[in-house]
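The listed protein sequences correspond, in order, to chains V, D and R. The opening residue of the first sequence carries number 1 in UniProt numbering; numbering runs sequentially from there. The opening residue of the second sequence carries number 1 in UniProt numbering; numbering runs sequentially from there. The opening residue of the third sequence carries number 1 in UniProt numbering; numbering runs sequentially from there.
Rather than coming from a laboratory, the hints here were simulated on the basis of the structure. Quantities reported herein were computed from a predicted structural model and do not represent experimental measurements. Glycine included, every Cβ here is placed at the ideal spot set by N, Cα and C. Honestly, I wouldn't trust all of these hints.
Distance ranges between label pairs, derived from CB positions [as the list claims (entries may be wrong)]:
1) HIS210/R with VAL339/V: 43 to 51 angstroms
2) SER428/V with HIS70/R: 23 to 31 angstroms
3) VAL171/R with ARG382/V: 35 to 43 angstroms
4) ARG384/V with VAL171/R: 50 to 58 angstroms
5) ALA110/R with ARG288/V: 52 to 60 angstroms
6) VAL208/R with SER428/V: 40 to 48 angstroms
7) VAL171/R with ASP313/V: 40 to 48 angstroms
8) LEU19/R with LEU329/V: 16 to 24 angstroms
So the derived list for chain D, only partly shown, Cβ under 7 angstroms to chain V, looks like this [claimed, not checked]:
9) ALA49
10) PHE54
11) GLY127
12) LEU202
Some chain V residues flagged as far from chain D (calculated, every beta-carbon gap over 10 angstroms) [stated by the list, open to error]:
13) ALA68
14) ALA144
15) LEU312
16) ALA354
17) THR385
18) PRO418
19) ASP486
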Amino acid sequence: MITVPRPGRPRDGGNEGADGAGPAAPTRRRSRVRAFGLRTRMLAAFLLVAAVSAGTTSALTYREARNALLKTAQDMAVSTFRDQVERTGWRLPVEEEGIEEILRDLARTGKPRPWVVFAEYGSIRASSGENPVSSVITPELRRAATADRYGSFERVVKDGVPYLTIGMPTVFKTGPDSTLPTGLVLYAVMRMTDEQINVDALLIAARNGALPGLAVALVPALLAARSVLRPVRELRRAARSMGSGRLDTRIPVRGRDELADLADTFNESAGQLERSVGELRDAEARARRFASDVSHELRTPLAGMLAVTEVLDEDADRLDADTAQAVRLVSAETGKLAVLVEDLMEISRFDARAAELNSDEIDVAEAIRKTLQARHWADDDRIRTELPPDIRARLDPRRFDVVIANLVGNALRHGGAPVTVLLRTEASSSGTLVLVVEVADRGPGIPAAALPHIFDRFYKADAARTRSPGSGLGLAITLENVNLHDGTIRAGNLPGGGAVFTVEIPLRAEEAGR
Amino acid sequence: MRRGGRRGVARRRTRWRGLATAVVAAVGGPLVGGCGIQDSDVIEAGGPATVEAFLNRDADMLLFFRSPDGGLSPVVREVRPSAGFGDEYIEPGAVARDPSGPAGPAPTEKVVLALLSGPGEADRAAGLTTALPAVREKEAVQVEVASDGGITARLPLAVQDLDATAVRQLTCTIAYNQAKDGRGVVTLRGQDGAQRSGSCGLAPGASG
Amino acid sequence: MSRVLLVEDDPFVREGVQLGLRRRGHDVRAAGTGEDGLAALAEFRPDLLLLDLMLPGMTGVQVCRRIREHSQLPIIMLTARGDDFDVVIGLEAGADDYIVKPARPEVIDARIRAVLRRMDDGATGRPAIEVYGDLTIDRVGLTVSKAGRPLTLAPSELRLLLHLSAAPEQVFSRQQLLENVWEHTFHADGRLVDACVARLRGKIEDEVGHPRYVQTLRGFGYRFGPL
Numbered sequence: 001m002i003t004v005p006r007p008g009r010p011r012d013g014g015n016e017g018a019d020g021a022g023p024a025a026p027t028r029r030r031s032r033v034r035a036f037g038l039r040t041r042m043l044a045a046f047l048l049v050a051a052v053s054a055g056t057t058s059a060l061t062y063r064e065a066r067n068a069l070l071k072t073a074q075d076m077a078v079s080t081f082r083d084q085v086e087r088t089g090w091r092l093p094v095e096e097e098g099i100e101e102i103l104r105d106l107a108r109t110g111k112p113r114p115w116v117v118f119a120e121y122g123s124i125r126a127s128s129g130e131n132p133v134s135s136v137i138t139p140e141l142r143r144a145a146t147a148d149r150y151g152s153f154e155r156v157v158k159d160g161v162p163y164l165t166i167g168m169p170t171v172f173k174t175g176p177d178s179t180l181p182t183g184l185v186l187y188a189v190m191r192m193t194d195e196q197i198n199v200d201a202l203l204i205a206a207r208n209g210a211l212p213g214l215a216v217a218l219v220p221a222l223l224a225a226r227s228v229l230r231p232v233r234e235l236r237r238a239a240r241s242m243g244s245g246r247l248d249t250r251i252p253v254r255g256r257d258e259l260a261d262l263a264d265t266f267n268e269s270a271g272q273l274e275r276s277v278g279e280l281r282d283a284e285a286r287a288r289r290f291a292s293d294v295s296h297e298l299r300t301p302l303a304g305m306l307a308v309t310e311v312l313d314e315d316a317d318r319l320d321a322d323t324a325q326a327v328r329l330v331s332a333e334t335g336k337l338a339v340l341v342e343d344l345m346e347i348s349r350f351d352a353r354a355a356e357l358n359s360d361e362i363d364v365a366e367a368i369r370k371t372l373q374a375r376h377w378a379d380d381d382r383i384r385t386e387l388p389p390d391i392r393a394r395l396d397p398r399r400f401d402v403v404i405a406n407l408v409g410n411a412l413r414h415g416g417a418p419v420t421v422l423l424r425t426e427a428s429s430s431g432t433l434v435l436v437v438e439v440a441d442r443g444p445g446i447p448a449a450a451l452p453h454i455f456d457r458f459y460k461a462d463a464a465r466t467r468s469p470g471s472g473l474g475l476a477i478t479l480e481n482v483n484l485h486d487g488t489i490r491a492g493n494l495p496g497g498g499a500v501f502t503v504e505i506p507l508r509a510e511e512a513g514r
Numbered sequence: 001m002r003r004g005g006r007r008g009v010a011r012r013r014t015r016w017r018g019l020a021t022a023v024v025a026a027v028g029g030p031l032v033g034g035c036g037i038q039d040s041d042v043i044e045a046g047g048p049a050t051v052e053a054f055l056n057r058d059a060d061m062l063l064f065f066r067s068p069d070g071g072l073s074p075v076v077r078e079v080r081p082s083a084g085f086g087d088e089y090i091e092p093g094a095v096a097r098d099p100s101g102p103a104g105p106a107p108t109e110k111v112v113l114a115l116l117s118g119p120g121e122a123d124r125a126a127g128l129t130t131a132l133p134a135v136r137e138k139e140a141v142q143v144e145v146a147s148d149g150g151i152t153a154r155l156p157l158a159v160q161d162l163d164a165t166a167v168r169q170l171t172c173t174i175a176y177n178q179a180k181d182g183r184g185v186v187t188l189r190g191q192d193g194a195q196r197s198g199s200c201g202l203a204p205g206a207s208g
Numbered sequence: 001m002s003r004v005l006l007v008e009d010d011p012f013v014r015e016g017v018q019l020g021l022r023r024r025g026h027d028v029r030a031a032g033t034g035e036d037g038l039a040a041l042a043e044f045r046p047d048l049l050l051l052d053l054m055l056p057g058m059t060g061v062q063v064c065r066r067i068r069e070h071s072q073l074p075i076i077m078l079t080a081r082g083d084d085f086d087v088v089i090g091l092e093a094g095a096d097d098y099i100v101k102p103a104r105p106e107v108i109d110a111r112i113r114a115v116l117r118r119m120d121d122g123a124t125g126r127p128a129i130e131v132y133g134d135l136t137i138d139r140v141g142l143t144v145s146k147a148g149r150p151l152t153l154a155p156s157e158l159r160l161l162l163h164l165s166a167a168p169e170q171v172f173s174r175q176q177l178l179e180n181v182w183e184h185t186f187h188a189d190g191r192l193v194d195a196c197v198a199r200l201r202g203k204i205e206d207e208v209g210h211p212r213y214v215q216t217l218r219g220f221g222y223r224f225g226p227l
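Construct the complete structure from the given sequences, taking the supplied hints into account.
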């Protein structure tokens, strides 16, 4: 979704990549578990609207349907009951004997289902069931039946069970147009269980109707969320991409809404940032090139000067004292200048990432011994070594020599004797075997304030100190050389006093080439 | 800073909880709360049921007694054969006396006497009683029908002291024996010379 | 002591090195270009050529190749560290050793002596002529012939072959070879050995891809044979 135009330019070194990958991972993890994110909220809003409308519709529909259903059932029951009652004949006065049989006949023919029929006449109370008097029939219904002489019904809920009660007063014909109340009132009591079931079914149906509605609502909800979230996600990804160093990241601008404006602004800002950073980089590159060029240019005259220092040294004795001193000074400083220029060249190559690793499989203990020998430190009683044999590692011999020589030289110059060189192998925390070289001295140690800067170029732990014999680049070059081996170096102080430099280089399992 | 942020989150969470409750109330309320069957008022659904009472106007008489709830209950009683008794009372203007149809075989005087003799065994079994005092003199009843349909009955008892139920018992019994629809104003005259008149008015409005 | 031809374009360096080496007893002739250097070869007949790689016109590498076409003259390249690519090309072109500039005259002198010494101390108490397969090595006459046909080996190649064949089937690490054959310090560039081995194989092996005489032992180094 994000277009990252990538020109042929190779991605700048591992540093930026590592920086970018690190913080990006937790961010991504956080986004996965975000509970009330934009998407969730939009979905919730859509679902809420859908649910309310579906729910309201369902509820209204349900009410109407329920009422219609109940009305049908009730009307049917009342009219059936009246029909049934009108088919009966009674002698007046009504006699208690035989009345229950009539009532049971009535009860059997109940519609939509059997009912219990009660009869009240004078002091006679009878029913088709077990109790002659119903506990469900209310005084209001009784009054409507006896005093108002209307057929009427009432829904009564007793103990959670709904009942339909019908009161039916009776009259008889005294002539073709006239009737007289008989004084007999018949009641029907019907459980509405099935109606309850119907109602429940209706309820479920309404719910089932609402749920698909909600599901359908999800689609526009997701679409809307997507339309908002996609630009947001693109923006986030672009921001992260920029954070990890790809400053040419841009967001495609779609439409004309606020999000498009945001993308536009982002692109503009990114462009400005890219320009600024580009200028900075150019400036830095120019500075580096300049340092490299300067040292290159210095090298040629130095080569000539260095070639004649010997002549100067040898002939100095034959000159008068002042001239001789001047000549020796020039000769000595030429040597130092050569070292400085050589170190500058080396640093420039590291900066330009042009430093190559020419690895060879070597015996590490032997290599360290040779380094000490070459500097005439092998028989120096200021140096103690602990070099177990048979540790072989794939290293660039020249660079490893530089590392050891710089560390030992540094210890001799700034620390105090004895200088200890320890070699061992160790399993690192990640399980790989690492080569460990420790160079420790018994000097005053490194001031705490200097520790973070000890590997900086031209860093002087003691600001007042005069120029040291080294170039001031020794530890910086050491650090670069160790890094080139994928190793680490750290400086610290020993508990008993004295500085210790620890180099760790992973041992490679691969064989020496060629 | 940090604590403030957390409180903000809590507040937001509360707001969401409130919203969720509102949703449940808005959606669930109508769905769940209004379900089931509720009580209802008493709802009228048409008139009373007309039943067969085996009333034979040619052979039966209609008496009104007092039911336990204070109302009147009609009772159908077969006229017992009583030789030569009823014929004497037929008057020359009998046809004119009842223009709505042929008069029942039981003369009203006899019916009134039957009423005055009180509820029978079956009537009492059903809890029916009478509000009329017991009367012995059976010959003392006379019924006259005026030309306008008004009925006048001379009764062998003191009318003045009768309660309303007793008066209605007499009125309805006389009215329904004189006419099938029980209409007509009945005037009661007692031995005490008092006179009360009224109509039965028992017929339900719907079918009357 | 020895006659050194220096080919270096920068006049200041040329003069300085010339001065330094002359002080150490060498007979030095200097040339400013590759063409001049080649021209001086026949007349001056140097024992050794000190050749700057970066030359105007004909480059040091081209000069090196031209000389190797017909001569076993020891050649030491002058190079600046970091110009790694040129070092490899120079070694492949047939240079015997290289020196990183700027270098003190004592370093250059030591390297010159090492290269020249190799040519001298060949035979020490061994039979003069040894035969390995098709290969005949004359440790006294310092000649090598294959199937009767004499081979022209550069000094470093010859020295390497002599060293390896002096102890057949013994494995030498590159660092050991650098120390023993080139008299470098232990920390020199192993590519020097690799380039020399490659050149040597091109001359003595039947199949360069499957060497019989100079064999590689991955991770350890090189050995002579077994045949």
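Status of each hint after checking the structure:
1. HIS210/R with VAL339/V: 43 to 51 angstroms: Holds, since HIS210/R and VAL339/V (Cβ atoms, about 46 angstroms apart) stay within the stated range.
2. SER428/V with HIS70/R: 23 to 31 angstroms: Since the Cβ atoms of SER428/V and HIS70/R sit about 56 angstroms apart, the hinted range of 23 to 31 angstroms is violated.
3. VAL171/R with ARG382/V: 35 to 43 angstroms: Taking Cβ atoms as reference, VAL171/R and ARG382/V lie about 36 angstroms apart, which means the hint holds.
4. ARG384/V with VAL171/R: 50 to 58 angstroms: violated, 32 angstroms
5. ALA110/R with ARG288/V: 52 to 60 angstroms: violated, 35 angstroms
6. VAL208/R with SER428/V: 40 to 48 angstroms: The hinted range 40 to 48 angstroms holds for VAL208/R and SER428/V, with Cβ atoms some 41 angstroms apart.
7. VAL171/R with ASP313/V: 40 to 48 angstroms: holds, 43 angstroms
8. LEU19/R with LEU329/V: 16 to 24 angstroms: holds, 20 angstroms
9. ALA49: It holds, given that the least Cβ distance between ALA49/D and chain V is near 4 angstroms, below 7 angstroms.
10. PHE54: holds, 6 angstroms
11. GLY127: holds, 3 angstroms
12. LEU202: holds, 6 angstroms
13. ALA68: holds, 13 angstroms
14. ALA144: The claim breaks: ALA144/V does not keep its Cβ more than 10 angstroms from every Cβ of chain D (closest is about 5 angstroms).
15. LEU312: With a cut-off of 10 angstroms, LEU312/V remains clear of chain D, as the shortest Cβ separation is near 69 angstroms.
16. ALA354: Nearest chain D Cβ is 48 angstroms from ALA354/V, so the label holds.
17. THR385: THR385/V clear of chain D: closest Cβ-Cβ about 53 angstroms, beyond 10 angstroms.
18. PRO418: holds, 52 angstroms
19. ASP486: Check passes; 39 angstroms lies beyond 10 angstroms.
Hint violations for this structure: numbers 2, 4, 5, 14, all remaining hints satisfied.
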